[in-house]
Structure formats: C-alpha cells, structure tokens
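Protein chains: 2
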Amino acid sequence: MIHLRNTLSSMALALAVAGPALAMEALPEQPPVPVDNPQTAAKIELGKQLYFDPRLSSSGTVSCNSCHNVMATGTDSIRTSVGVEGKLGGRNAPTVWNAAYLSSQFWDGRAATLEDQAKGPILNPIEMAMPDEDSAVEVIRAIPGYVERFQAVFGGDNPVTYDNIAKAIASYERTLITPNSPFDNYMRGDKKALSPEAERGMKLVQDVGCTACHSGPTFAGPATLATGQPFLQRFPIFLDNEYVSTYKLDVDPGRFESTGKEADRHMWRVPTWRNVALTAPYFHNGSVDTLDEAVRVMGKTQLNIELSEAQVADIVAFLESLTGEIPQQTMPILPMTSGSWIHTGN
Amino acid sequence: MIHLRNTLSSMALALAVAGPALAMEALPEQPPVPVDNPQTAAKIELGKQLYFDPRLSSSGTVSCNSCHNVMATGTDSIRTSVGVEGKLGGRNAPTVWNAAYLSSQFWDGRAATLEDQAKGPILNPIEMAMPDEDSAVEVIRAIPGYVERFQAVFGGDNPVTYDNIAKAIASYERTLITPNSPFDNYMRGDKKALSPEAERGMKLVQDVGCTACHSGPTFAGPATLATGQPFLQRFPIFLDNEYVSTYKLDVDPGRFESTGKEADRHMWRVPTWRNVALTAPYFHNGSVDTLDEAVRVMGKTQLNIELSEAQVADIVAFLESLTGEIPQQTMPILPMTSGSWIHTGN
Numbered sequence: 173m174i175h176l177r178n179t180l181s182s183m184a185l186a187l188a189v190a191g192p193a194l195a196m197e198a199l200p201e202q203p204p205v206p207v208d209n210p211q212t213a214a215k216i217e218l219g220k221q222l223y224f225d226p227r228l229s230s231s232g233t234v235s236c237n238s239c240h241n242v243m244a245t246g247t248d249s250i251r252t253s254v255g256v257e258g259k260l261g262g263r264n265a266p267t268v269w270n271a272a273y274l275s276s277q278f279w280d281g282r283a284a285t286l287e288d289q290a291k292g293p294i295l296n297p298i299e300m301a302m303p304d305e306d307s308a309v310e311v312i313r314a315i316p317g318y319v320e321r322f323q324a325v326f327g328g329d330n331p332v333t334y335d336n337i338a339k340a341i342a343s344y345e346r347t348l349i350t351p352n353s354p355f356d357n358y359m360r361g362d363k364k365a366l367s368p369e370a371e372r373g374m375k376l377v378q379d380v381g382c383t384a385c386h387s388g389p390t391f392a393g394p395a396t397l398a399t400g401q402p403f404l405q406r407f408p409i410f411l412d413n414e415y416v417s418t419y420k421l422d423v424d425p426g427r428f429e430s431t432g433k434e435a436d437r438h439m440w441r442v443p444t445w446r447n448v449a450l451t452a453p454y455f456h457n458g459s460v461d462t463l464d465e466a467v468r469v470m471g472k473t474q475l476n477i478e479l480s481e482a483q484v485a486d487i488v489a490f491l492e493s494l495t496g497e498i499p500q501q502t503m504p505i506l507p508m509t510s511g512s513w514i515h516t517g518n
Numbered sequence: 173m174i175h176l177r178n179t180l181s182s183m184a185l186a187l188a189v190a191g192p193a194l195a196m197e198a199l200p201e202q203p204p205v206p207v208d209n210p211q212t213a214a215k216i217e218l219g220k221q222l223y224f225d226p227r228l229s230s231s232g233t234v235s236c237n238s239c240h241n242v243m244a245t246g247t248d249s250i251r252t253s254v255g256v257e258g259k260l261g262g263r264n265a266p267t268v269w270n271a272a273y274l275s276s277q278f279w280d281g282r283a284a285t286l287e288d289q290a291k292g293p294i295l296n297p298i299e300m301a302m303p304d305e306d307s308a309v310e311v312i313r314a315i316p317g318y319v320e321r322f323q324a325v326f327g328g329d330n331p332v333t334y335d336n337i338a339k340a341i342a343s344y345e346r347t348l349i350t351p352n353s354p355f356d357n358y359m360r361g362d363k364k365a366l367s368p369e370a371e372r373g374m375k376l377v378q379d380v381g382c383t384a385c386h387s388g389p390t391f392a393g394p395a396t397l398a399t400g401q402p403f404l405q406r407f408p409i410f411l412d413n414e415y416v417s418t419y420k421l422d423v424d425p426g427r428f429e430s431t432g433k434e435a436d437r438h439m440w441r442v443p444t445w446r447n448v449a450l451t452a453p454y455f456h457n458g459s460v461d462t463l464d465e466a467v468r469v470m471g472k473t474q475l476n477i478e479l480s481e482a483q484v485a486d487i488v489a490f491l492e493s494l495t496g497e498i499p500q501q502t503m504p505i506l507p508m509t510s511g512s513w514i515h516t517g518n
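Residue numbers (the working numbering), protein chains in the order written: chain A, 173 to 518; chain B, 173 to 518.
In case anyone wonders, no lab produced these hints; they're calculated from the structure.
All figures in this text were calculated on a predicted structure; none of them were measured in a lab.
One should not assume that every hint holds.
Each pair may be met inside one copy or between any two copies, as identical chains are not told apart.
Claimed, not checked - Think about it this way: if two alpha-carbon atoms lie no more than 30 Å apart in a straight line, the pair counts; the simulated BS3-like pairs of lysine-lysine are:
#1 Lys291 / Lys259
#2 Lys291 / Lys472
#3 Lys375 / Lys259
#4 Lys375 / Lys363
#5 Lys291 / Lys375
#6 Lys259 / Lys472
#7 Lys472 / Lys433
With the sequences and hints as input, model every part of the structure.
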C-alpha cells in the first residue's frame, strides 16, 4: 500500500495560489514518496549509478539514460526509441523529468509507480532485453562495488534483488525535477514572468477546453489522483481529419495493447505539459516534429476546432513557459571490475 | 605545427624520480597541450557537451561517450563497439582516460592528435555515421545554445566549424586524467603503495622484456615521442601458438588497413597499461576476456615465453596498481531547442 506524503500540502497550495477554477498550479517542491521506499542520499546515488549503467542491457550498450537523457530533455528526442541491436521501439520515450509527480507511468499508464516502471525496459526484448529478472540481478551481483552499496542501502542477507534495483532507480528518478519555470514563478506571484502571448495562451487553453484533461501541477490530470490511478483519455477522438491519417494517430491501440480490454482501445494516459517545448517529436508515435503542429493536431482531434495561427502561437508561448530549470548534477562513477568481462552480449 | 609544453618537465621528472633504467615514470600532472588549441574553461565545458551529444550521430542515439564512457572505464567494455542502427565495429574501443598523453590515437596510430581523432567516429559509417562534415556542422549550427557557446569560445563570424567541434572535444578529453594510482604514489616515494606481488610484477615486466615497448608515463612507448609519432610494434610476432588461432589475433591487418603499406601489416600502436585492469575485454578485437589471459597471450605471442601462473599473478598485481582515480565530474547540460526536431535519423 502506497501513501502520498505531499498530496494535502500540494492541494492546499493549489487552492491558495491558483484557485480551483484555474485547475493550474505551480510544481510542488517535492513529489510524493512511497512509504516503502523512503529517499536516502546513498540510495539516490546507487540509483543514479544503475540509471546510467549499460550493463543492465543484454548488449551492454543501453542504459535508462540512453532513452531518458537527464543531460537534456529527459527523452531521446527521436520518434521512437532505439534499444539493443538497433531495434526500434513502438512508442516515443516519455520524459523522465517530473515523472515522479505522475499518478501512473508509460504512455498507457500500465505501471502504477516509478518502481514498477523501472522493471519494464530492462526486460523488454526491444529495449534493454535482459532475458529475465535473475539475469539482471546476476550482472549486478557480479560487481563487488555494487554488492557493497546495495548492502549499505538495503541491508539484509540478499540485498541485490530486482525489487531493490527498481527501488534505487525510482529513488534517483524522484530527484529529477525541473523547478522554477516562468509559469511556476508566475503562479508564485511574479506576474511579469509570463509574456503577454503566454498569458493569452494560458487563458486560451482553459477557454477552448485543453485543461479539461491537462490540469493539475503537471498538466497531466487532477492533482488528487492517487498513485497507480492513471488519468486516461481517448486519443484521437475526432477521426475525420487529415491529421489522423497523415500522422497515423489511430494505428496504435493504446492501453488495449496491455489490457486486452475493448474499452481501453485508443485510451492513453494524458501526457504532461511540463517541458513539452523541449520534448519533440510529439505523440505516442513521435510522428509530429513541432510543437505548433502538435497544438493544431490536438485542437482538431480532441476538440474538433481549427485553431487560428494567432491562437496556436499564444498556446505555444504558454507551453514554452512550462520549461523548468534542468538541475546541475554530478556524474555517477560506475562500480568497475578488475580484469574480467561480465556481461552477456556481443 | 604542434609543440609540446610539458615534454621537458616530464622528462626531468622521469629522470629525477625513476631514472632512465626503469623506463617507468609517474603520470605527469598535465598532458601536453597544442599551442593552437589552448585549454580554457569555456572550451572544456563546450567540449563536454559535444562529447555527450548524441545529435552528432545520424540516428541521434550515439555520442562519443557511448563507446568511451567517462563514468566508468573510458571504454564500452564490450568486444567491439556498437554504432548507429546496431552496427558492430571491427575494433575494441580504446579508453579515453589519459589518451591525452599518447603520442598518437586509434589502435593503428593513424590520428596524430586528439583533434584529428575526434573527427573520425562522427563520420565513420558504422559509428556515428554523419554523412559528411557539413552535416555535423549543420546539426550544431541549428541549435542556438551551441552557436552562442561557439561564439564565446572561438569568436569570429563563423565559429561553428568541424575543426572547432574537434578542438572543443579534444580540450575536454585533455581533462580526462586518472591520477594517483598506487604505482604513481609508489614512484613519488610511498614505497608501501605497492603490494609485494605488485613489486615483483614490476620487476618481472622489466626482466622478461614487456617494458621494451610498454615504457614511459603511460606504458605506451617512450616519453620522448612527439605528438603524431606513433610508437608501433608488430602483433602478433610469434604465430605458432594456440592463442593466435583461438583469439583470431592475426586476422585484422592493423595499420596496413589505413596506409595500404605492406610494411604496416600487423603493425599496431603499443596500447597503454594505464587502467588496463578495468578495460577488459582485451586486444584490438576484444577477444580476450580477462587480464591474466591477456598477460599469457602477450608472453607467448610477443616474447615467445610461457609465463608461470605465479608470474602471471604478479604481473596482474602490478598492472592493477596502474588503476588511477576516476575524477568526479559534473554532467553537462546539452543546449536544447524549443519545439522543433532537428536531426536526421529514424
């Protein structure tokens, strides 16, 4: 059972500063932390090592950071990601920045937590492609520097487990926050933080209906959603337009692929707007190259409206105001082994 | 024309501490710096950004760091490197750590400088695979944050050039130094820094003849070699042993491949011993998994001797004493673009 530490204080902040009518709020300082995986400095550092360690892939060449680059956009900035042996994934890599605030993970919300999410790509045959959990654990267990660190962080007789690998990675990911976007500064009272265009865009996304779904601190759904409760919507809704065919927006069946339920066909988690100006290309298939085109597509496919170019420009200006500060980080130093070659690939 | 700043002081240090008879010396504090590419903090930071930027590859997925990982061994720790689209290279990635001290670059010494070396993989069709220099320059020039930084570092009307990309990367690489190995501490007077095994190994590598080639501060050749003067040796020399066939050591024709000269067939640059305990797998084709086996192979193929297991263990202990300190680094933050997708691949 996972409890959220910060839900109440986040809501209070939202009510106090923005008011419920806006359904917009500044990014809370800290994301929720599950009670069974508290943050510690040593666990975060271990998680950072694992996040950057390509030995967790069958080829020894792909790490979490390969597709979720924390020196940049938190994505790989390509249409769909490339895994081991040049294999091409089916969906665009979501940004890891502020993922800790989301109530579910993956495009279809099939993982409840960052911990659950971290376990996926390592075993996905077109991503990191480890044959099974035990193989991943074996790789880490064969590196004495890791065993020491897992012992220090998790204790017990058998600290190197797949669960603990995921816990450490998730703890690191909970530090991947981009605060102080112009929008956040605006919400905290600096009314000059937004340009007139961005202010018009902020009003417009509410007036035309974008924020019916893109609400809350990450603009990915209501702030009140509990962890594990995905905020799902159908996409595309309006099919009779050229965007759907040009960008092949209705080919992927969405959440149906993981649940097999007809009701989940073309259902998707509402994606965050945080840093969306940086995370081109857009949509689950990465088919749209620019933010202005993505805004046009959304207007037509979700609201059945044709936004004017002036409206698009204002909305883009607002979305650009949601770009936060990428934090300075130190590089991890990966535990190394002397004189033996330990992974399976190549 | 490139001049070496530190050659004289390095030599003086070597003579003073180790004496020429040993042909061994501690790692000089700073590597040579070419007069036409002086080190500056801004250039080093720009070079670090470029070193980590996968946009310099045709697929947008491969950076310098993909194969020369500065959070670990300075290599990719696999047999031969993986480039764009999962393409497999023909040779094992040499470590970037302390490459700045080497008198030539690449396994066959075909690049005179780090600047020359940096230009290779970006255009190599099985590595980063940019179609030509102009394409690489175009990618960088399309990113306003880079244009600003190149302007600040290099000035002039046209600061983003392929030469300047290489200069910045090389400047960063000149900071990739691993000081204070047990051996270095020993050479500076701490006689307890080496174990008895390592001390025996140090004597042994001189007695049996390893240091005829593996000499100088990096154990990659004489300290007196000017930049651009590769220290080449034939490998393998003695062919009538099982190692040559088992590990396919004579398949790759070495420097012949780049020069086409018969005299260069099976000629290779002498590789560094610095951090060699970390840089498995071994040899140009990455065919040997462990350091002890690599030592056996070298004894047989280069000196035609069968080292005893005790001798191998002592030599390995000495080689392990050449593992230096991996420096703490900050992560670069790559210049990002808003709302447009700029590279060519995928």
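Of the hints given before, which are not true for this structure? 2, 3, 5, 6
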